[in-house]
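Participant: Chain by chain, the residues:
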Amino acid sequence: MGTESAVAGGAVTMDAAFWVATVIFLVSYAFIISEKIHKTIVALVGASLVLVFKILEQGEAFHLEALGVDWNVIVLLVSMMLIVILMRPTGVFEYVAIKSARVGKGEPFRIMVIFAVVTAVISALLDNVTTVLLIAPVTLLIADALELDPVPFLITEALASNIGGTATLIGDPPNIMIGSRAQLDFMQFIYNLTPIIIIVMVVFLGLMKLFFGRGLKVRPELKERVLRMNEREAIKDPVMLKKSLAVLAIVIVGFVLHGFLGYQPATVALFGASLLLLLSGTKEPHHVLAEVEWPTIFFFIGLFILVGGIVKVGLISWLSTKLLTATGGNLLATTMVVGWFSAFASAFVDNIPYVATMIPLIIDMAHQLWPDLQGTALLHHPDLMPIWWSLALGACLGGNGTAIGASANVIVVGMSERAGKRITFIRFMLYGMPIMIITVAVAMLYVWIRYFVLGW
Amino acid sequence: MSESPRPPREARDIMESAPPFLLATDSVRDAVRTMYMGRAGAGTEGVPGLVVLDAGGSLVGLVSQHDVLRAILPAYMTMVDLSEFAWDEMLGEMAARMAVKTVGEVMNPDVVSVAEDAPLMECVDLVVLHSLDCVPVLDAAGKVVGVVYVRDLYRAVAEALFPQEA
Numbered sequence: 163m164g165t166e167s168a169v170a171g172g173a174v175t176m177d178a179a180f181w182v183a184t185v186i187f188l189v190s191y192a193f194i195i196s197e198k199i200h201k202t203i204v205a206l207v208g209a210s211l212v213l214v215f216k217i218l219e220q221g222e223a224f225h226l227e228a229l230g231v232d233w234n235v236i237v238l239l240v241s242m243m244l245i246v247i248l249m250r251p252t253g254v255f256e257y258v259a260i261k262s263a264r265v266g267k268g269e270p271f272r273i274m275v276i277f278a279v280v281t282a283v284i285s286a287l288l289d290n291v292t293t294v295l296l297i298a299p300v301t302l303l304i305a306d307a308l309e310l311d312p313v314p315f316l317i318t319e320a321l322a323s324n325i326g327g328t329a330t331l332i333g334d335p336p337n338i339m340i341g342s343r344a345q346l347d348f349m350q351f352i353y354n355l356t357p358i359i360i361i362v363m364v365v366f367l368g369l370m371k372l373f374f375g376r377g378l379k380v381r382p383e384l385k386e387r388v389l390r391m392n393e394r395e396a397i398k399d400p401v402m403l404k405k406s407l408a409v410l411a412i413v414i415v416g417f418v419l420h421g422f423l424g425y426q427p428a429t430v431a432l433f434g435a436s437l438l439l440l441l442s443g444t445k446e447p448h449h450v451l452a453e454v455e456w457p458t459i460f461f462f463i464g465l466f467i468l469v470g471g472i473v474k475v476g477l478i479s480w481l482s483t484k485l486l487t488a489t490g491g492n493l494l495a496t497t498m499v500v501g502w503f504s505a506f507a508s509a510f511v512d513n514i515p516y517v518a519t520m521i522p523l524i525i526d527m528a529h530q531l532w533p534d535l536q537g538t539a540l541l542h543h544p545d546l547m548p549i550w551w552s553l554a555l556g557a558c559l560g561g562n563g564t565a566i567g568a569s570a571n572v573i574v575v576g577m578s579e580r581a582g583k584r585i586t587f588i589r590f591m592l593y594g595m596p597i598m599i600i601t602v603a604v605a606m607l608y609v610w611i612r613y614f615v616l617g618w
Numbered sequence: 037m038s039e040s041p042r043p044p045r046e047a048r049d050i051m052e053s054a055p056p057f058l059l060a061t062d063s064v065r066d067a068v069r070t071m072y073m074g075r076a077g078a079g080t081e082g083v084p085g086l087v088v089l090d091a092g093g094s095l096v097g098l099v100s101q102h103d104v105l106r107a108i109l110p111a112y113m114t115m116v117d118l119s120e121f122a123w124d125e126m127l128g129e130m131a132a133r134m135a136v137k138t139v140g141e142v143m144n145p146d147v148v149s150v151a152e153d154a155p156l157m158e159c160v161d162l163v164v165l166h167s168l169d170c171v172p173v174l175d176a177a178g179k180v181v182g183v184v185y186v187r188d189l190y191r192a193v194a195e196a197l198f199p200q201e202a
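The listed protein sequences derive, respectively, from chains A and W. So the first sequence is residues 163 to 618, counted in my numbering. So the second sequence is residues 37 to 202, counted in my numbering.
One or more hints might be untrue.
In silico negatives: residues of chain W with every beta carbon more than 10 angstroms from chain A [stated by the list, open to error]:
1. Ser53
2. Gly92
3. Val163
4. Ala177
5. Glu201
Chain W side only, calculated, beta carbon under 8 angstroms to chain A, not exhaustive [what the hints assert, rightly or not]:
6. Pro110
7. Ala111
8. Tyr112
9. Met115
10. Val116
11. Leu118
12. Glu120
13. Phe121
14. Trp123
Hints were generated in silico from the structure; no laboratory data involved. All values reported here derive from a predicted model rather than from experimental measurement. Positions of the beta carbon are idealized from the N, C-alpha and C atoms, including for glycine.
Turn these sequences into a full structure, and let the hints guide you.
Facilitator: Below you can see the structure in the form of structure tokens.
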């Protein structure tokens, strides 16, 4: 069987299978980046070719996490989507957003900060796209009420969403994938990433003050409009709201304890989603299930198989050898290269396929460095841990670099355009790129100090 | 009377000839004024819809009161339910913002029309099928020669049921 150890670390034979898998992978990536064909279709075609050419046996693609679909990721994503789909109609997100604007007393910069923090916190627990899809319309409403340009608020929220999503295992797809394959639990993400994300948020908000703090002035009578809004009117279904919040609380406690209790995160999320489906009393689950973002889910499925193909034929192994040679086996250098390279790569290409490719590469590298170790002894080697955190920080924070770097950015730009306020690629980058470089620099400084200087 | 009065049967019998029209490049402000002023002397106030023509006089769309109302509704209010949070002056502010758009931006570009000799039932079918406020009537050369309004179709229904009161 092609387990991790069998496919990793050995000499690579560049046979026909090697080239077929490499070509399928590269051509698929080129199409995904060019966006000429929808990425889900590309990933599924690529994956099917990997099977048709027998690069992977179907059993490997469907039943072996090391080479095929990581069902932990799939079920976790679907379950969290279901929870949000069931929560959304209660109006809880609009409630939180209107409440935030009122707590900000109609003061523009105060509202911007509160919206950013709320967006970051919700993004840490739910997916970023959903978060901005719910916060952005309220932002546009508040901006109209205050007669302000909504663009600075929207850009701030997209950036905050990507920063907040980095904080937890479930916050961002790259973290979900890293958590699953590196067998890192929810609390390990909290211990290692949440502290730096809090620091990054403070730095980020300071920069936002610098960028936008001055231009934001509002007449007192306009502030009154916001103060007169009653957030309670946003709540459409108080009974379902109570059920949703109870289930969300159970799920969060479940995530906190999953490592201790020996559950995978997907088990926790699936329990929560199915419980909420039951409590919702819906007679027609197909309406709820239809709202799951199946294109994203099938993108993941295709991608896992696509990457599995190049893992099996040894391309990943070859690349990891090159990376180790380039950094001379120096782990600090490797950690920094992974962090910065991930950031710039994720600023321009989807960080999901990038991270899906990097994870087996890092695992292979670990096999080369510590050939005698297996399982968590290998995956959680003290010298390997900073590389995982560096990958997560680089890939997630890197998404802030450009308008196409993260799904949240794409959503915000689209919504702004629909509201008649076009955010050009350059305008987004003018804010996003400096924020990305500074936040990644802060994050890499943290990784260096915490893991290499202090050795925590 | 050489001809006995017969109930209207075709589009030309009830259409408004030489109807007011708009160009796609006109502002929505113009559209609102024209619709508001339409039929001013006819005892009915305003028309619910207008045909939109291009520079060559060809039909390119329809614009209705409904289209204008949709255009003043901000996109974000259609994304999530925020209607409770509107403020008192909001309609006026959004109307002012919308008024500078062009008719081409807010019109319904799915052009639907009938011939002069189209049976009234065809007009009813199109009105119901496409949720129209009016149906343009074209001559054989494809030029707009009239407009059938919903209320004229409705009058035809009333007259069919109560001929003596017509």
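Participant: It remains to establish, for every hint, whether it holds in the given structure.
Facilitator: Here's how the hints hold up against the structure:
Taking the minimum C-beta to C-beta distance to chain A, about 38 angstroms, the non-interface status of W/Ser53 holds against the 10 angstroms cut. For W/Gly92, the shortest C-beta to C-beta distance to chain A comes to about 30 angstroms, beyond the 10 angstroms cut-off, and the non-interface label holds. At roughly 29 angstroms, the least C-beta separation between W/Val163 and chain A is larger than 10 angstroms, which holds for a residue marked as non-interface. With 10 angstroms as the threshold on Cβ separation, the claim that W/Ala177 sits away from chain A holds: the shortest Cβ distance comes to roughly 39 angstroms.
Every CB of chain A lies more than 10 angstroms from the CB of W/Glu201, the least distance being 48 angstroms, so the non-interface label holds. The restraint placing W/Pro110 at the interface with chain A holds, with a minimum CB-CB distance near 7 angstroms, inside the 8 angstroms limit. Because the beta carbon of W/Ala111 sits about 4 angstroms from the nearest beta carbon in chain A, less than 8 angstroms, this interface hint is met. Among the interface hints, the one on W/Tyr112 holds; its C-beta lies about 4 angstroms from the nearest C-beta in chain A, closer than the 8 angstroms criterion.
Taking 8 angstroms as the C-beta cut-off, the interface hint given for W/Met115 holds, the closest approach to chain A being about 4 angstroms. With a least beta-carbon distance of about 5 angstroms to chain A, the hint placing W/Val116 at the interface is held under the 8 angstroms criterion. Because the smallest distance between the Cβ of W/Leu118 and any Cβ of chain A comes to about 5 angstroms, under 8 angstroms, the interface hint for this residue holds. Annotation: W/Glu120 was flagged as interfacial toward chain A, and the flag holds, the nearest CB pair being 4 angstroms apart, inside 8 angstroms.
Residue-level restraint check for W/Phe121 holds (minimum Cβ-Cβ distance to chain A is 5 angstroms; threshold 8 angstroms). The beta carbon of W/Trp123 comes within 4 angstroms of a beta carbon in chain A, closer than 8 angstroms, and the hint placing it at the interface holds.
Against the hints set out earlier in the document, no violation occurs for any number.
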